[in-house]
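*Asks:* Sequence:
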Amino acid sequence: MQTLADYARAFEIALSDSQLAAFETYSRELVAWNARVNLTAIVERDQVIIKHFLDSLSVANALPRDATALIDVGTGAGFPGIPLKILLPDLRVTLLEAVGKKVAFLDHLIATLHLRDTVAIHARAEDLARDPAHREKYAVVVARAVAELTVLLEYALPFARVGGVFIAQKGIAVEDEIRHATRALKILGGRVRAIAPVQLPGLEPRHLIVIEKIARTPATFPRRAGLPARQPLTN
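Going by the numbering used here, the letters in the sequence shown line up with residues 1 to 235, in that order.
Everything labelled a hint here was simulated from the structure, so no lab data went into it. Please note that a few of the clues may not be correct.
To be verified - Taking lysine to aspartate or glutamate and the DMTMM-like style, the derived pairs with C-alpha atoms no more than 20 Å apart in a straight line are:
| no. | residue 1 | residue 2 |
| --- | --- | --- |
| 1 | Lys-137 | Asp-127 |
| 2 | Lys-51 | Asp-90 |
| 3 | Lys-137 | Asp-90 |
| 4 | Lys-170 | Asp-127 |
| 5 | Lys-137 | Asp-66 |
| 6 | Lys-137 | Glu-177 |
| 7 | Lys-101 | Asp-127 |
| 8 | Lys-101 | Glu-29 |
| 9 | Lys-137 | Glu-24 |
| 10 | Lys-51 | Glu-29 |
| 11 | Lys-51 | Asp-117 |
| 12 | Lys-170 | Glu-212 |
| 13 | Lys-170 | Asp-66 |
Said to hold, decoys possible - Here are the simulated distance ranges between beta carbons:
| no. | residue 1 | residue 2 | range |
| --- | --- | --- | --- |
| 14 | Asp-6 | Asp-131 | 35 to 43 Å |
| 15 | Leu-227 | Ala-10 | 35 to 43 Å |
| 16 | Asp-131 | Ala-173 | 30 to 38 Å |
| 17 | Ala-194 | Arg-92 | 37 to 45 Å |
| 18 | Asp-46 | Gly-100 | 25 to 33 Å |
As the structure is a computational prediction, the values presented were derived from the model and not from experiment. Quick reminder that beta carbons are idealized off the backbone N, C-alpha and C, glycines included.
I would like the entire structure built from these sequences, with the hints used as guidance.
*Replies:* Dropping the structure here:
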């Protein structure tokens, strides 16, 4: 994992030997489980380091300094939530995933890496966001999902407390997505705070869209499962 350590320094992130060992275990378990459970199409070592681990760690510099609790919506095989937990061990992390087999992997990984204050939940965002134990309880919401920003906002913003942030990991062209999301931002209580470019080795530029929660999300959102994707809150 020395390659990860070298790349991380470009983001002003220093990884200890124990953290690098955790990423080594993560990589090994990801590849082993992927042989029987469809976790990811990316299993080649160098690509796992860049496209999974480093991409996840790139979120760290956008986190509020006082962040204590984070939820990763649609985490899949744990990205970016688990790499952020490895980096910031005092962070309380909730990993939300709708696919049961992926949750089983996450539970195994949490136990294998001895990650405290970390839990994987098998649920859809539209359902869990209505649970009072999770609704508007998080300082940070993150998502690396491939859905359009308009859809992600309805999944994610109900989890963020007022004053918290939602950080969306997006690709090279974000201006159109943000423009199309104007209505959704207004309805759901969000405001774009920053757009931060991210350059990963050998890949096209990416962006972090940092959205501040400025008002409570109306109780009618998120709508029932499936509706945010089928009928997005576009302008």
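*Asks:* The structure should be examined with respect to each hint, and the outcome stated for every one.
*Replies:* Comparing the hints with the structure gives:
1. A threshold of 20 Å between alpha carbons decides the hint, and for Lys-137 with Asp-127 the separation of about 15 Å falls inside it, so the pair holds.
2. Taken as a hint, the Lys-51 and Asp-90 pair is broken in the structure, with Cα atoms around 24 Å apart against an allowance of 20 Å.
3. Straight-line distance between C-alpha atoms of Lys-137 and Asp-90 comes to about 17 Å, which keeps the hinted pair within the 20 Å bound.
4. Straight-line distance between C-alpha atoms of Lys-170 and Asp-127 comes to about 24 Å, which puts the hinted pair past the 20 Å bound.
5. A C-alpha spacing of about 14 Å is found between Lys-137 and Asp-66, which places the hinted pair at or below 20 Å, so the restraint holds.
6. This hinted pair does not check out: Lys-137 and Glu-177 have alpha carbons roughly 26 Å apart, beyond 20 Å.
7. Between Lys-101 and Asp-127 the CA atoms are separated by roughly 19 Å; this keeps the pair inside 20 Å, and the hint holds.
8. With a C-alpha separation of about 14 Å, the suggested pair Lys-101 and Glu-29 falls inside the 20 Å cut-off, and the hint holds.
9. A threshold of 20 Å between alpha carbons decides the hint, and for Lys-137 with Glu-24 the separation of about 32 Å lies outside it, so the pair is violated.
10. Our distance criterion of 20 Å between C-alpha atoms is met by Lys-51 and Glu-29, whose separation comes to about 16 Å.
11. At roughly 25 Å between alpha-carbon atoms, Lys-51 and Asp-117 are farther apart than 20 Å, so this suggested pair is violated.
12. For the hint pairing Lys-170 with Glu-212, the CA-to-CA distance comes to about 16 Å; that is within 20 Å, so the pair holds.
13. Taking the CA atoms of Lys-170 and Asp-66, the gap is about 24 Å. The hint is violated against a cut of 20 Å.
14. Evaluation of the 35 to 43 Å hint for Asp-6 and Asp-131 yields a pass: the beta carbon distance comes to about 41 Å.
15. At about 41 Å, the beta-carbon gap between Leu-227 and Ala-10 stays in the expected band of 35 to 43 Å.
16. Between Asp-131 and Ala-173 the CB atoms are about 34 Å apart, so this pair conforms to the stated range of 30 to 38 Å.
17. Taken as a hint, the range 37 to 45 Å is violated for the pair Ala-194 and Arg-92, whose Cβ atoms sit roughly 24 Å apart.
18. With their beta carbons about 30 Å apart, Asp-46 and Gly-100 fall inside the hinted range of 25 to 33 Å.
Of the numbered hints stated above, those contradicted by the structure are hints 2, 4, 6, 9, 11, 13 and 17, listed in ascending order.
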